[in-house]
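In order, the protein sequence lines correspond to chains A and B.
Note that our numbering gives residue 385 to position 52 of the first sequence, counting from 1, and the numbers run on in steps of one.
Note that our numbering gives residue 587 to position 313 of the second sequence, counting from 1, and the numbers run on in steps of one.
What the hints contain is simulated information worked out from the structure, not anything from laboratory work.
Warning: the hint list may mix true and false statements.
What the hints assert, rightly or not - Here are a few chain A residues that face chain B, going by a calculated C-beta distance under 10 Å:
| id | residue |
| --- | --- |
| 1 | Tyr392 |
| 2 | Arg393 |
| 3 | Glu415 |
| 4 | Gly416 |
| 5 | Gly418 |
| 6 | Ser420 |
| 7 | Ile421 |
| 8 | Ile482 |
| 9 | Ser483 |
| 10 | His484 |
| 11 | Thr485 |
| 12 | Glu486 |
| 13 | Asp505 |
| 14 | Gln506 |
| 15 | Arg507 |
Said to hold, decoys possible - No more than 25 Å apart at the CA atoms, straight line, and that leaves these computed lysine-lysine pairs for DSS-like:
| id | chain 1 | residue 1 | chain 2 | residue 2 |
| --- | --- | --- | --- | --- |
| 16 | A | Lys456 | B | Lys416 |
| 17 | B | Lys416 | A | Lys439 |
| 18 | A | Lys363 | A | Lys405 |
| 19 | A | Lys388 | B | Lys408 |
Because the structure is a prediction, the values reported are computed rather than measured.
Ideal Cβ placement from N, Cα and C applies to all residues, glycine included.
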Amino acid sequence: MEQPVQTETWKARSLEELVRILHQIFSEDKVSVEEVQALMESYESNPEEWLKYAKFDQYRYTRNLVDSGNGKFNLMILCWGEGHGSSIHDHTDSHCFMKILQGNLKETLFEWPEKKGNGEMTKKSERVLRENQCAYINDSIGLHRVENISHTETAVSLHLYSPPFDTCNTFDQRTGHKHKVTMTFYSQYGERTLC
Amino acid sequence: LPAGLSQWFPALEVLDVSGTGLAEMGAELLSLPCLHTLLAKNNRLGGPGSLPKGLGQAPLASSLRVLNLSGNRFADVPPVLLRLRGLRSLSLGGNRLHSIPPDIQELRSLEFLYLGGNFITSIPPELAKLPSLKYLVLCDNKIQSIPPQLAQLHSLRSLSLHNNLLTYLPREILNLVHLEELSLRGNPLVVRFVRDLTYNPPSLQELAGRTVKTRNVPYTPSDLPETLVRYLSLASNCPNPKCGGVYFDSCVRQIKFVDFCGKYRLPLMHYLCSPECSSPFSSASQSSTSQSESDSEDEASVAAHRMQKVLLG
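Based on the provided sequences and hints, a complete structural model is requested.
The structure is reproduced here in structure tokens:
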């Protein structure tokens with residue numbers, strides 16, 4: 334993904350259509366970030382269409398694979414119970430789109446820690462994303478933590494990562510120290526995966 | 275709740291009255307013999323009459339498994355709630371609680387307890403008497419310390435403590451064998467050894483008690499007043515392996531940093547019997563502990579292997 338190409342204005346009328354258009358967009362050599370973000374936002378969340386992927390775990394948030402984009406991208410649904418949050422993490426040189434399907438998620442952006450950093454990481458900004466909004470991040474923008482800060486509502490989000498990746502670094506907010514983690518799927522294509 | 279509810283739906287198992295503005299749930303609940311799930315979040319419950327009197331005697335007391343009262347106005351946990359002996363999951367997230375009643379221990383079947391988003395300042399040690407508790411959420415409160423007794427929660431798998439006022443944890447936290455997730459971000463955890471911990475010199479009673487214990491002075495209940503016999507039984511062993519000593523009330527609280535696989539350093543509070551009783555590796559004058567003491571290192575590497583998902587931040 335480099336310079337913006339001729340951007341179309343897509344409207345995805347269903348999750349199925351969203352996936353189909355994504356396949357179309359990603360079959361090209363050049364893909365526009367703005368185009369993908371607008372497409373993701375255009376889809377109006379309809380729980381009937383994604384409920385089968387939305388498997389919650391009571392202890393932590395889950396990652397549920399929806400489509401593997403012919404190897405060009407991973408599309409997955411994340412389910413966040415009340416109070417569930419992620420660590421601060423990077424995106425392994427990939428592009429990350431995050432669209433809220435239900436509830437709200439707080440995104441806190443952080444600066445990359447200094448090379449020999451040994452102090453508290455610097456918060457850049459934070460915002461609460463509402464239903465149907467779509468955020469974008471990549472490593473050049475920074476790092477982020479995503480959390481469901483509600484104590485009464487669950488949250489569901491749709492994520493697109495391109496190229497797909499299964500490892501990333503998590504960061505200790507107090508020291509900036511990083512540590513590589515492998516991510517796994519709680520379910521794939523609607524089926525629970527046991528590992 | 276509509277009158278006659280139990281007549282129309284006698285076999286009701288799940289009742290969801292969330293987001294209905296309910297301020298009271300009355301006697302209609304008492305005659306629902308099959309109800310196992312009651313969801314009443316985001317209402318106006320919290321005043322007297324929120325839960326019906328007689329709840330303890332109703333079939334509900336043994337049939338109810340899941341109760342969600344999050345997003346209401348409870349300033350304290352209604353005592354009648356603690357009579358729900360069969361309860362497995364309780365949520366009081368996002369209310370106005372300032373404390374947790376010690377009688378919470380009556381909810382013997384509790385596995386899931388969500389108390390995030392309140393104004394809780396401390397945790398009663400009685401909470402540790404819940405034998406089946408697997409998931410405990412205390413995030414977004416005002417908690418300043420964790421009682422060491424919490425380490426008795428043998429079934430605990432996930433502990434959420436983020437966004438509180440914790441400066442350290444009790445070292446006993448390492449004993450939670452099944453703990454896989456621990457969230458601690460947003461706490462003012464000390465990052466450096468705290469120099470000025472006060473030490474109250476031991477009383478004469480304590481000094482005598484220490485001598486009796488360390489010198490193994492024999493005694494029987496007929497030798498001493500009952501209060502002193504009980505006092506002697508409360509002796510704690512000094513964790514310093516090089517000291518065989520005991521202490522009662524007077525101890526030095528020391529913060530030791532325990533490494534988890536070299537990734538996270540948790541400040542753990544432990545008690546030594548005197549300021550002189552530190553091992554050669556750490557003393558009151560050390561500014562930061564880059565080396566852990568050998569005993570805590572062994573414990574830490576075992577605990578770290580278990581606590582793979584320590585979410586510090």
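Against the structure, the hints:
| no. | hint | result |
| --- | --- | --- |
| 1 | Tyr392 | 4 Å, holds |
| 2 | Arg393 | 6 Å, holds |
| 3 | Glu415 | 6 Å, holds |
| 4 | Gly416 | 5 Å, holds |
| 5 | Gly418 | 7 Å, holds |
| 6 | Ser420 | 6 Å, holds |
| 7 | Ile421 | 7 Å, holds |
| 8 | Ile482 | 8 Å, holds |
| 9 | Ser483 | 8 Å, holds |
| 10 | His484 | 3 Å, holds |
| 11 | Thr485 | 4 Å, holds |
| 12 | Glu486 | 8 Å, holds |
| 13 | Asp505 | 5 Å, holds |
| 14 | Gln506 | 3 Å, holds |
| 15 | Arg507 | 6 Å, holds |
| 16 | A:Lys456 / B:Lys416 | 22 Å, holds |
| 17 | B:Lys416 / A:Lys439 | 21 Å, holds |
| 18 | A:Lys363 / A:Lys405 | 12 Å, holds |
| 19 | A:Lys388 / B:Lys408 | 20 Å, holds |
Figure legend: structure checked against the earlier numbered hints; every hint is met.
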